[in-house]
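Generate coordinates for the entire structure from the input sequences, incorporating the hints supplied.
Count along the sequence shown from 1, then add 121; that gives the number in the working numbering.
It should be emphasised that the hints constitute simulated quantities derived from the structure, not laboratory data.
All C-beta atoms in this analysis are idealised placements derived from N, C-alpha and C, irrespective of residue type, glycine included.
Some hints could be false.
[What the hints assert, rightly or not] So the derived label-pair ranges between C-beta atoms look like this:
id	residue 1	residue 2	range
1	R178	L156	38 to 48 angstroms
2	H297	L156	14 to 24 angstroms
3	P232	V274	34 to 44 angstroms
4	P155	D269	34 to 44 angstroms
5	D215	A271	35 to 45 angstroms
6	P147	G234	26 to 36 angstroms
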Amino acid sequence: MPRTVADAERELRALASGRAAVAFTPQAPRTDRPLRRSAVLILFGALDRHPAEHGARTVPPQLDVLLTRRADGMRHHAGQIAFPGGGTEPHDRDAAHTALREAAEETGVEPSGVEVLGSLQPVHIPVSNNLVTPVVGWWRRASPVAADHAESVEVFRAPVAEMLDPAARGTSVLRHGASTYRGAAFALGPHLGGHLVWGFTGMTLASLFDELGWSVPWDPRREFPVSP
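Right, dumping it as structure tokens:
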């Protein structure tokens, strides 16, 4: 039988409760900046309406994940597609508190409508010397979302089935000096701005989808050149 939304939620809960590790390949050399700690919210849910059914059949067509496009003036990862999230504050109780607080500030997500399913193991991002904890959430009660235009300039719910379509997948290629960095990437459709999901966000989603058994074969030889 095809996987249902309830199946997808159950599988996400099992994975997140086990603090799975993300397969992340650093995209730039480590800097000498002080170590920062932060958290991001990987928020899944079910769209009330979804596009015409196309894409991978391993997940239901209404399953989606919340993504933002970072403001062009940001110091790190400017203009990139990202999960909502940010730096830990002294009053934050834990990584989930950080992720929900930052998501509310950036996108307007109402934290009371989100159930935290668990978190993945922290990931070190060398370019910003940032230790990031991915927090996995499920949207129990969806709320309107909008960009805050300070850190995010777009907010949207991306259908997972479309991202898993082999036609949407490829490998990002970043050239930095004499070094070349490669990672999993997803090309979003025109209705989502045609943006490319790469770097930490792309590799985290690819790792999640692989661990969950949602991925279908795709051609890693398809390359997407990107700029730092």
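For each hint, the structure was consulted:
{"no.": "1", "hint": "R178 with L156: 38 to 48 angstroms", "result": "holds (42 angstroms)"}
{"no.": "2", "hint": "H297 with L156: 14 to 24 angstroms", "result": "holds (21 angstroms)"}
{"no.": "3", "hint": "P232 with V274: 34 to 44 angstroms", "result": "violated (22 angstroms)"}
{"no.": "4", "hint": "P155 with D269: 34 to 44 angstroms", "result": "violated (26 angstroms)"}
{"no.": "5", "hint": "D215 with A271: 35 to 45 angstroms", "result": "violated (25 angstroms)"}
{"no.": "6", "hint": "P147 with G234: 26 to 36 angstroms", "result": "holds (34 angstroms)"}
Of the numbered hints listed earlier, those contradicted by the structure are 3, 4 and 5.
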